[in-house]
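When you get a sec, could you build the whole thing from the sequences and use the hints?
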Amino acid sequence: MSETLGTQHLLGIDDLTKDDIELILRTADGFKEVLARPMRKVPSLRDLTVANIFFENSTRTRLSFELAEKRLSADVVNFSAAASSTKKGETLLDTVNNILAMKVDLVVLRHQDPGAAVFLARNTKARIVNAGDGAHEHPTQALLDAYSIKEKFGRVAGLKVAIVGDILHSRVAWSNVLCLRKLGAEVMLCGPVTLIPKHAAELGVRISHDLDEALRWCDVANMLRIQMERQGGGPAYFPSLREYTMLYGLNRERYDRIGKEVVIMHPGPINRGVELSSDLADSAESIILQQVENGVAVRMAVLYLLAAGLDRTGNP
Amino acid sequence: MRALTILSEPAFGLTVQRLCRQLVEDRGDLGETALVGLHPRGVFFSRRLRTELARMTGKADITYGELDITFHRDDFRQRPVKAVPGTTLLNFSVDDRRVLLIDDVLYTGRTIRAGLDALMAFGRPRSVELMVLIDRRFSRELPIQPDYVGRAVDALNGQHVHVEWLESDGKDRVTMTRDEQ
Chain A
1220 MSETLGTQHL LGIDDLTKDD IELILRTADG FKEVLARPMR KVPSLRDLTV
1270 ANIFFENSTR TRLSFELAEK RLSADVVNFS AAASSTKKGE TLLDTVNNIL
1320 AMKVDLVVLR HQDPGAAVFL ARNTKARIVN AGDGAHEHPT QALLDAYSIK
1370 EKFGRVAGLK VAIVGDILHS RVAWSNVLCL RKLGAEVMLC GPVTLIPKHA
1420 AELGVRISHD LDEALRWCDV ANMLRIQMER QGGGPAYFPS LREYTMLYGL
1470 NRERYDRIGK EVVIMHPGPI NRGVELSSDL ADSAESIILQ QVENGVAVRM
1520 AVLYLLAAGL DRTGNP
Chain U
2 MRALTILSEP AFGLTVQRLC RQLVEDRGDL GETALVGLHP RGVFFSRRLR
52 TELARMTGKA DITYGELDIT FHRDDFRQRP VKAVPGTTLL NFSVDDRRVL
102 LIDDVLYTGR TIRAGLDALM AFGRPRSVEL MVLIDRRFSR ELPIQPDYVG
152 RAVDALNGQH VHVEWLESDG KDRVTMTRDE Q
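For the record, the sequence lines run as chains A and U.
Residue numbers are given in this note's numbering: position 183 of the first sequence equals residue 1402, and the series is strictly consecutive.
Residue numbers are given in this note's numbering: position 171 of the second sequence equals residue 172, and the series is strictly consecutive.
Quick caveat, the hints were computed from the structure, so don't treat them as lab data.
Any given hint could be a false lead.
Claimed, not checked - Part of the chain U face toward chain A, derived, beta carbon under 8 Å:
#: 1; residue: T71
#: 2; residue: H73
#: 3; residue: F77
#: 4; residue: V85
#: 5; residue: F123
Stated by the list, open to error - Output of the computed footprint for chain U on chain A, the stretches with three or more beta carbons under 8 Å from beta carbons of chain U:
#: 6; stretch: 1281-1289
#: 7; stretch: 1325-1332
The C-beta atom is built at its ideal place from N, Cα and C for all residues, glycine as well.
Right, dumping it as structure tokens:
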């Protein structure tokens, strides 16, 4: 069993080996225990500074990262595009170099452009954690999803996971497919033809356009939101939200028709009544809030393991 | 490499028993006492103590926990050390308890320092005492001393003390080896 990560940054699940993923999940177990203590804090990162740089809106992910950093005793600085110089024409690289000039050791980056995290990793000295780059990857979400599945079932290998919804625009779906496949789960993508990428089947996943079929097949259903903000001003991907909900929305009636237990997941934010009905989102079948809780432990594990590779003198 | 025996198998057992008797003599029925073993190697010792104390006092419900100090180490990022934690099992509040920290070897004192730090995350104990099977004297880097000692050893730099446990190594014994010159 490996004790160190094979990478210096967490840019995507694509760069991780199965050993890396398992190391992160095992380490997260330790932090989950820390978070259950009366004093939920350890001193591991007390001499490090982490910058959370968010060029895109986020509540859950930013909060989760910030909590993870604080529970590890790191110093934290936050930067969000709305309140920044990017509005005044500063480039990504300049913004980040300015922040790094203030001696930041790790950067958590969310950006609307795919590859932004890779670009930064190549051009700066800090360790980068990708917190979502466009429709490319969102690795910590996939890791916490895998962790939550493992916590629920005791394993990931051999399980059947259906990812339902706007696959085309979803970085969560892409990272999840990679992560689940590396851990040995079977994956099915389900959604309207227009929202499934053309060559998705080449990833070694099943494709379905029928939610009932997907639900009968799977042990876990990960329901994704329709990403209106990424669908742009072009032609519509489906006729109406109402039709989408009719075909791909999960509600109690549809759930009861499956005739077996399927665990419901959602990366948030939920559009209640669109992809998932309110009562199911809050039901015993859903592990949505456990996902959020596990998110902090998994992010602590990622930051901790990346920090372990940093020289104490601050040289990368 | 020649190994010098510090505790043979019979002496090992007697030492553990003696420490238990000493503890009972000092603390009576152990009502307020909590035994806390330190991962990774101290827990073999603490589990043994728990069993022995239960046999000796007839009390099956001795308060017992195990503590992992990985996240509290002061050498994180200084040298390649084990980064993945063991399992902390401390399902009681340490508030107002008399905690006995348990480890196999006391050497520089840094592990115990981290252990104290980790322990305080679970509350404010009334007191903390330290029991070790082997005390390597004159090698401390911090002002930490044990309250209960199985055997004190004066080892030079370049000498290594090995504690073996039946559960993990197939045999109870303590030996010392020396680096080849």
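So which of those numbered hints doesn't the model satisfy?
6 and 7
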